[in-house]
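Participant: Residue strings, one per chain:
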Amino acid sequence: MHVTRLSLSQFRCHDRLELALPPGLNVFVGPNASGKTSLLEAVTLLVSGRSPRTNWLREMIRWGADQARVEGVFAGATGSPDEVTVTLTRSGSGEAQRDLCLNGAPPASVGAWLQRLPVVLFEPDDLQLVKAGAKGRRRFINMALAGLRPLYLDDLLRYRRAVQHRNELLKQAARGRASGEDLAPWTAQMVRAGAQLMADREWLVEHLGPRAAALYADLSGGTEALELRYRPNVQAEEEGLPERMQAFYEALEAAATWELRRGSTQVGPHRDELLVLIGGKPARDFGSQGQQRTAALALKLAQAQVLTASRGEPPLVLLDDCLSELDGSRQRHVLELVGQFDQLLLTTAGEVPAGVEVAHQVVLPPA
Amino acid sequence: MLRYPAPLERVIEEFERLPGIGPKSAQRLAFFLLSRPRDQAQALGETVLLLHEGIQPCAECGNYAAARLCPVCADDTRDKLVLCVVETATDLMALERAGEYRGLYHVLGGALSPLAGVGPAELRIGELLERVQRYGTEEVILATSPTVEGDATAEFLRQRLSATAPQVKISRIALGLPVGADMDYADQVTLARALRGRTPM
Ligand SMILES: Nc1ncnc2c1ncn2[C@@H]1O[C@H](COP(=O)(O)OP(=O)(O)OP(=O)(O)O)[C@@H](O)[C@H]1O
Ligand SMILES: [Mg+2]
Ligand SMILES: [Zn+2]
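Line by line, the protein sequences give chains A and B.
Counted from 1, the first sequence has number 10 at position 10 by our numbering; the numbering is strictly sequential.
Counted from 1, the second sequence has number 498 at position 131 by our numbering; the numbering is strictly sequential.
The set of hints was computed from the structure by calculation and includes no laboratory data.
Don't take each hint at face value.
Partial selection, computed: residues in chain B whose CB lies under 8 Å from chain A [to be verified]:
hint, residue
1, Ser480
2, Gly486
3, Glu522
4, Phe523
5, Gln526
Part of the chain B face toward chain A, derived, beta carbon under 10 Å [to be verified]:
hint, residue
6, Gly484
7, Pro487
8, Glu489
9, Val515
10, Ala521
11, Leu524
Restraint-style ranges between C-beta atoms, simulated for each label pair [said to hold, decoys possible]:
hint, chain 1, residue 1, chain 2, residue 2, range
12, B, Pro372, A, Leu260, 58 to 66 Å
13, A, Thr85, B, Gln409, 40 to 48 Å
14, B, Ala441, A, Leu260, 29 to 37 Å
15, B, Ile388, A, Glu243, 25 to 33 Å
16, A, Pro106, B, Gln407, 48 to 56 Å
17, A, Ala309, B, Ala461, 55 to 63 Å
18, A, Ser310, B, Lys536, 54 to 62 Å
19, A, Arg90, B, Ala373, 47 to 55 Å
20, B, Gln409, A, Ser179, 21 to 29 Å
21, A, Glu95, B, Ala441, 47 to 55 Å
22, B, Pro372, A, Glu59, 36 to 44 Å
23, B, Glu497, A, Glu243, 23 to 31 Å
24, B, Ile388, A, Trp203, 54 to 62 Å
C-beta atoms are modelled at their ideal positions from N, C-alpha and C, and glycine is treated no differently.
Kindly generate the complete structure, drawing on both the sequences and the hints.
Facilitator: Right under this line is the structure:
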């Protein structure tokens, strides 16, 4: 997929900006604070309805303006192009109002949104995928699967909702105001959705792992291997759905007293972990800065490859300032790798390494 | 700020409290009524006044009724051995419009939701179990919505029914689309769910 036209109005530091973008490598060059990241943020807003930087939509409206507007035209391998518009309107002191428009009609759900236009964003913060806690890696897995399977997001929301209801009942039960009979139907919902989440995650990591390993080997040129290992909080002997449900029930049984004392659900996929190992050791604890950075890059690239394989069409790839920490030959190498995709939007405050073919360059003036 | 005369303001306020009506629509409705002959507002007011006078819950199923029994329960051509459990009277109407079902209904009055403080005591579950005994019901169809809450409610009822009336055949159909789902995506989800829930032939 690629974006052919992008137009911004009163978005972040941009007053008005109209761009026509070809497939291939598009480079946005400009000094710090010239609005490069904001451009990619606008694209992300178009495809997901959200910003990768902030939870507050209102922060994206230009200071002093009442309304920001972003429009994009996205062309896929098949079908006619999608025209997407997002308008953010300030409303009092609270959160801005968001109006989504897809081909002239009002919004699809977030699920449909995430499904429709596949995009993978690389940003300096990706390092945290390897460096920080399990939460970020669960988020990565959730986002990746939401783009791949229509039911995943639905299952995830059902799971979370069942857990919330169940936690409420656990608190009541601790005060003698709810019984096992009250709890059972919620446990059943939670277990069913949870087992499905585990199966989907296992599937994803199975396909992500070998690709990430190959990419890491390629990028590092080193001898140490990258390995991804899905470690579900509830371990089942076998991989079938009934076996996972059985194992989940058993784990809940074992945690029953503890759950009552804590008043919340203590086992389940909300505690899953994705292990990133380099040379058999957790990259989080033992990886060097460079190894961690390369591992994060390999993870994201692998995600883009799985997306391509399963949708039969490459995602749009956004690279925000990710190359600056790599040396020249490695930069070239990364660009070669992402060159297999339809279109790349790359931001840089410096220069594009020599020998890389640039389809289009946009120079942003200083702020 | 300039305000409308009090009677107009009050009508706008009342309209705004209705579901799906924002400030703009409320104004439009109020101005519309004002622009029409007096009779029309009069008729609307009187109809609304009588709403609660004439309506009561059906003594059997909980559906809206103008008499002690609702039209479905009063209809003696209905199959009294089959009972379809729905969350609301609106769901009942949706099923009736489909015109396929010839049994009786039971309106629960909602779905279980611990977070919203709705437990079994808040729903008409005791009445359901009592009716099943009294009618000698042979089949109960659980037609709560396909949300987590609707599914959990169906599961809860299944447990209760199999404990108190083990001879009853229980089946489940999920009624309608999850709230807030748009058609496009909901279709995908429905299709995917149907695939997952397939049965061997
Ligand atoms: N709502 C807003 N209205 C106006 N300006 C804003 C708003 N939000 C952020 N800015 C400003 O926009 C500028 C551009 O930020 P952006 O992150 O896009 O720059 P950049 O080109 O990516 O810089 P860098 O090279 O440092 O990453 C910043 O100076 C910021 O202060
Ligand atoms: Mg930037
Ligand atoms: Zn009735």
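Participant: Now tell me if each hint is right for this structure.
Facilitator: Do the hints match the structure? See the list:
no.	hint	verdict
1	Ser480	holds (7 Å)
2	Gly486	holds (7 Å)
3	Glu522	holds (4 Å)
4	Phe523	holds (4 Å)
5	Gln526	holds (7 Å)
6	Gly484	holds (9 Å)
7	Pro487	holds (7 Å)
8	Glu489	violated (12 Å)
9	Val515	holds (5 Å)
10	Ala521	holds (8 Å)
11	Leu524	holds (9 Å)
12	Pro372/B / Leu260/A: 58 to 66 Å	holds (60 Å)
13	Thr85/A / Gln409/B: 40 to 48 Å	holds (45 Å)
14	Ala441/B / Leu260/A: 29 to 37 Å	violated (49 Å)
15	Ile388/B / Glu243/A: 25 to 33 Å	violated (51 Å)
16	Pro106/A / Gln407/B: 48 to 56 Å	violated (32 Å)
17	Ala309/A / Ala461/B: 55 to 63 Å	violated (42 Å)
18	Ser310/A / Lys536/B: 54 to 62 Å	violated (41 Å)
19	Arg90/A / Ala373/B: 47 to 55 Å	violated (31 Å)
20	Gln409/B / Ser179/A: 21 to 29 Å	violated (54 Å)
21	Glu95/A / Ala441/B: 47 to 55 Å	holds (51 Å)
22	Pro372/B / Glu59/A: 36 to 44 Å	holds (41 Å)
23	Glu497/B / Glu243/A: 23 to 31 Å	violated (40 Å)
24	Ile388/B / Trp203/A: 54 to 62 Å	violated (45 Å)
Hint check: violations occur at hints 8, 14, 15, 16, 17, 18, 19, 20, 23 and 24; the rest are consistent with the structure.
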